[in-house]
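Protein chains in written order, with this note's numbering: chain A, 21 to 135; chain B, 657 to 772.
Simulated from the structure, these hints should not be mistaken for laboratory data. As the structure is a prediction and not an experimental result, all values here were calculated from the model. Misleading hints may appear alongside valid ones.
Over the 10 Å line for every Cβ pair with chain B, so calculated as not near, a few chain A residues [said to hold, decoys possible]:
1. Gln51
2. Ser52
3. Arg61
4. Glu63
5. Pro64
6. Ser69
7. Gln89
8. Ser92
9. Ser103
10. Thr111
11. Phe125
12. Gly126
13. Gly128
14. Val132
So the derived list for chain A, only partly shown, Cβ under 10 Å to chain B, looks like this [as the list claims (entries may be wrong)]:
15. Leu66
16. Gly78
17. Ala82
18. Arg86
Covered stretches of chain B, going by a simulated chain A footprint (3 or more residues, C-beta under 8 Å) [claimed, not checked]:
19. 669 to 683
20. 723 to 732
21. 737 to 748
The beta-carbon is built from N, C-alpha and C at its ideal position, and this holds for glycine as well.
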Amino acid sequence: RKEVEQDPGPFNVPEGATVAFNCTYSNSASQSFFWYRQDCRKEPKLLMSVYSSGNEDGRFTAQLNRASQYISLLIRDSKLSDSATYLCVVTLSIMTTDSWGKLQFGAGTQVVVTP
Amino acid sequence: GAVVSQHPSWVICKSGTSVKIECRSLDFQATTMFWYRQFPKQSLMLMATSNEGSKATYEQGVEKDKFLINHASLTLSTLTVTSAHPEDSSFYICSAKTGGALSPLHFGNGTRLTVT
């Protein structure tokens, strides 16, 4: 089983609609969570961190459910420019030999916003 | 603005030659940088962790003699793909953290390597 799993999609979303998708993680020691956006043939760019209480940044809302070990991303009022692959990134506990925290990447969820 | 700069953005080389990719941290010191590789439609794969002033830590299955990493200063790490072959063609991305262990990664713009 992969440590971080995402539905690969694609999620085809009409412009202006809402889309939401999850990312599940297997290690309960995971401590920090991020959503990145990656456009085709480009590097990932940080979209937002995910906080325990949930957080919102404009049209984007991220939630964390520790009990069920998943994070979610919701995009409201989708724009054509939101078309991208969204990567879930999880950092395991720093109480390991790797003081930088071990990062785990999901394979990404592709979102396609259509006119 | 960008906090990690990577060069070159793309390179085409002949089989058997070596290619060096540079990764620079801008306006901050990065004692640790990370090198990833990504094949089309696949997730990022961590290749190695680059440590300033010491040897890099390679992930299982990554050949250290083929992918030479040098982190000679606090702002520069280099990855050299030696004796490149077509199967080495991929998107190589470096990254660094500006904060502590639980802070997010910032990625360079990536290098698309094509070996002919």
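| task | Hints the structure violates: just list their numbers, smallest first. | result | 1, 2, 3, 4, 5, 6, 10, 11, 12, 13, 16, 17, 18, 19, 20 and 21
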